[in-house]
Structures are given as C-alpha cells and as structure tokens.
Amino acid sequence: MLTGDMLRRATERFRDKSAIIWEGRHTSYADLNADANRFAHALAGLGLKKGEKVGIISRNRTEYGIVFFGAAKSGCVLVNVSVLYAPDELQYVLNKADVQALIYEDLFAEKIEAVKPHCPQIGTYISIGQPFNDFIAGQFADEPDVALDERDPFSMTYTGGTTGLPKGVLASHRARAVTAHTVMVEEKIDERDIVGIVTPLFHIAALNIMFQPAILAGATVTLLSKWESADFAKMVRDTGMTANFMVPTQAGMVVQDPGFDPADYATWRKVSFAGAPMPDWVQRDFFEKLPKVELTQIYGQSEMGVIAVLPHWHLPERLGSIGRPAYNVDIACVHPDGTPIKPGEIGELVSRGDNLMTEYYGEPEQTANFFKFGDGWAWSGDLATVDQEGFYTLIDRSKDMIISGGENIYPKEIEDALYEHDAVAECAVFGIPEDKFGEVPAAYILLKSGMTATEGEIVAHCATRLARFKRPRLVKFVDDFPKTPIGKIQKNFLKDPYWADQEKKI
1 MLTGDMLRRA
11 TERFRDKSAI
21 IWEGRHTSYA
31 DLNADANRFA
41 HALAGLGLKK
51 GEKVGIISRN
61 RTEYGIVFFG
71 AAKSGCVLVN
81 VSVLYAPDEL
91 QYVLNKADVQ
101 ALIYEDLFAE
111 KIEAVKPHCP
121 QIGTYISIGQ
131 PFNDFIAGQF
141 ADEPDVALDE
151 RDPFSMTYTG
161 GTTGLPKGVL
171 ASHRARAVTA
181 HTVMVEEKID
191 ERDIVGIVTP
201 LFHIAALNIM
211 FQPAILAGAT
221 VTLLSKWESA
231 DFAKMVRDTG
241 MTANFMVPTQ
251 AGMVVQDPGF
261 DPADYATWRK
271 VSFAGAPMPD
281 WVQRDFFEKL
291 PKVELTQIYG
301 QSEMGVIAVL
311 PHWHLPERLG
321 SIGRPAYNVD
331 IACVHPDGTP
341 IKPGEIGELV
351 SRGDNLMTEY
361 YGEPEQTANF
371 FKFGDGWAWS
381 GDLATVDQEG
391 FYTLIDRSKD
401 MIISGGENIY
411 PKEIEDALYE
421 HDAVAECAVF
431 GIPEDKFGEV
441 PAAYILLKSG
451 MTATEGEIVA
461 HCATRLARFK
471 RPRLVKFVDD
481 FPKTPIGKIQ
491 KNFLKDPYWA
501 DQEKKI
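Under this note's numbering, the final residue of the sequence shown carries the number 506; numbering is consecutive throughout.
Heads up, a few of these hints could be off.
Claimed, not checked - Pairs of lysine-lysine, DSBU-like flavour, derived with a Cα cap of 35 Å:
(1) Lys470 to Lys436
(2) Lys488 to Lys292
(3) Lys226 to Lys111
(4) Lys399 to Lys488
Hint data in this document are derived by calculation from the structure and do not stem from the laboratory.
Let the sequences and hints guide you as you build the complete structure.
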C-alpha cells in the first residue's frame, strides 16, 4: 500500500473530520490531503524527481504531517532529521543523506545558517510559517500523477546513535505499511480514537508506529511539540485523547508527577510503550493509578518496524516479556550460525519479511552485516530467549554483553535486579576494565525523587539476587542520563571514558 493512499482513502471516508489537532488548531482530513497534494506539486515545481531527498527538521506540528504525506505522494524520499543535532551532526546527516531541499522550523534557523556553507547540494531552504505557506499556495490540490510502486523508498529515519554515528534507515512504502497495519490491528486503533503523539515525529516510533497507523485508521491525531507531564495532562483533558505511544521515561514521569490527578486522564484508554525496557515498578504504578488504561508493550527497531507485541491481557503475569511475534511478521531466535535455539537458550533475534528496511543508506558494509547470510533474515543485535508458548524475553544487546573472567554477564539481568530496589528510578549497567577479570560490571543509578540509597545498600540488595561475579563493582548515583530522543540511555557516553586509553579485554 502506498503511503499517500492511506491519507487519500481516509479523506474519502472522513472528509470533514479532524485529522490533526495542534495547539488548539484543527485540520480536517480534506484540508490535510489537499495541502499534502499542494506540497507534492510544489516539490515537482522545484524539479525534484522520484527518489530524490527532501529533509525536514521540525518539532511536532501540523506542517510535519503535510510534508510527510506530500513527500510520499511526490515520489521523493523524506529524510527525518533530529532537532537535537548539533551543527556538525546536522551537517553530517544532511550530506550523508544527499538532501536537496530542506524544510525547517524557524526555531532552528541558527543551526541551519551554520551548515548552509557546508551543504552545497541543498538548493532550497523553506522555513515553516509564511514561507512554507507561500511555497504551497496556488498549487493544485488534486492528487499528483506520479508512477509509484509500494517497493519504492519513501522515508529515511536515523538510528538513535547509542554507539557511533547515526545511520540512515531507508524504508519502502511497503515496509512502513506493514508496520502501520501491525499497530492498527495489535493496538486496536480505530476511527473513534484520538491518538496522542508525544515523542518526536523525526523518529520511527512517533512517525511510523503511531502517526501513520492513526491516519490509516481514520483516527484524529493530537500533537504535543514538547514533552512536559503537565502539558501532556492538559492535552488529554483538552482533546479527549484515548490512545498514545510513550517511552518508559515519560510513563514514569506521569505516575510520579506530584500533581498527578486521575481525573485528568479520564478519556485515556490505551497506551503502548517501547524504546527501552519499562521498569516493572512503572507498570505496577500504572495498574494502580490508571486502571482503565490498557498497556501494550511493543518491540521493534527502526530497521524492522514492530515485530513483537505483548497485549495488556498478559499483564502483570508476563512482566518482563516482549510478547509473541506480531501477526504479520516472521521472527526467530538463533545461534550465531543461524540455527534455531531451543526454548530457554539465548540467541539473537532475527526477522524476515516485508517489514524490513531496504538498506542503511550509503552504508553497504553495514547493510550487508544486517542481512549477513543473504537469506532474507535480518539480525537485530538483541539477545533473547523464547519459551514453549512462544513468548520472547530480551536478555540484552549482543554488543553490551560483559565477559568477566570468562563468564558471560548480561547487563539487563543486573538492571532488572536493581529495579527491584524501591529507590531506583532508572539504571544503566555496563562493563569497565579490570586487570584480573578483563572487565567487571558498573552500575549508574538515578534514584526516585525524595528517596535515598548508598552504594553499600545497592550492593547488599544485589547480593541477595545475583551471583557474586554479576554484582556491580562500581555504583555511581547520577542526576540524569544521556538519552536518545526515544528514551534509550546512551551507554556509550557513560562507558567510553573508562575505555579511552586501552582496548577492551574480551
């Protein structure tokens, strides 16, 4: 299914219904579709052809939806750029992605001006506001006549960059349509929903895992430009939001908010989460404070879309699992040689099907490593187990495994034990160098507001739950964690200083 057809068909069904609500402004399906068509015609007027790259750097706002669907209808590839990039990072991504036209929110004009001299391939810069309105004004509102196939690429998002430079994940209409259908079916999104987008649209979680399926279903989307728990509560009250996606950090902020009032969330019925493990205490707080909100855990990657789902009816009994395969994808857990593991063994998650990205743009070696056996299976880099009933449980990222004195240690196992301590809000475990064992576990911990703990208390807590070689040898308390836009703790920023002057002994 073509991305533009999702909006066109929804418009035919719900012409006068609000498609997007942003800062009190309602945009109907008819107006969203017409403006998307105008944008597509305007791109053609620039001479941009099918497959050429259009970038956008913007917070969540109505124009993002116009650009998303308009680019898709034009045949151009939309490059979704993080608003958090420093000028050097922005320059790298714009050049690496071969962006030829850039749409940007004026809030980021200073960054844009800084990179302009270093991005000679970009011929057009358009600021969101009156310049954008002028760009599409006078263009035809009818559907563009562009020969498109669902296998054509249409969207590029960038990996969160937890290690190394970000990679451009190039995906086809077909791949993202599979994910949109997955979410619509598995999360029960329908035309009655008002779907809140509270994570950045430049990331797959908001753009393809929530915005796109909401439009496919004919729901109304309400956008939050900047996350604050109080602003989220107001959005729910003002718009009657019924469903959303959020990262675990946001969920924790909602249930810990000193001003928490369940009446603010009277219409909220469905929430999905992913991006990082949701601590069990956050889920239990949700069950207690918001019993009418159904929690669905999803698991996926920018490269794969959503591939596993744990519906709310398996909670709390299945806390810790990422669920079973989504209804329309193939996944498996395998040994390094590609042979399937037995239940209870640890292997790497792999996926096969139309859900997969086309390539890491401009990165043939990394693309080949992702599809390393050339048999259609893509390798996630995540280690997991699967039980007799087909439920998968993440163990850790394969590259995060610690080898200490010849023993394999999975940081997630230690993190799970730490989360059982009442004072721990968030934590990150990683390996640091040690002469005798090669490396040993270190734990960085963020405590819950108003609570205290000492290093000795944390180690004693772990001693009742973990073998001696798995216990943290270093405990450090922090005020915050470096994170990707989707809420993943960037362990490389914590770990790299310890390894700066030596090779890792593994």
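Quiz item: Between Lys399 and Lys488, does the CA-CA distance stay at or below 35 Å?
Solution: 15 Å, holds
Quiz item: Lys226 and Lys111: Cα distance at most 35 Å?
Solution: At roughly 19 Å apart (the allowed maximum being 35 Å), Lys111 and Lys226 satisfy the hint.
Self-check item: Given hint Lys436 paired with Lys470 - CA-CA distance at most 35 Å
Solution: 15 Å, holds
Quiz item: Is Lys488 within 35 Å of Lys292, Cα to Cα?
Solution: Holds: Lys488 and Lys292 sit about 27 Å apart, inside 35 Å.
Violation of the numbered hints given earlier is absent; every hint is satisfied by the structure.
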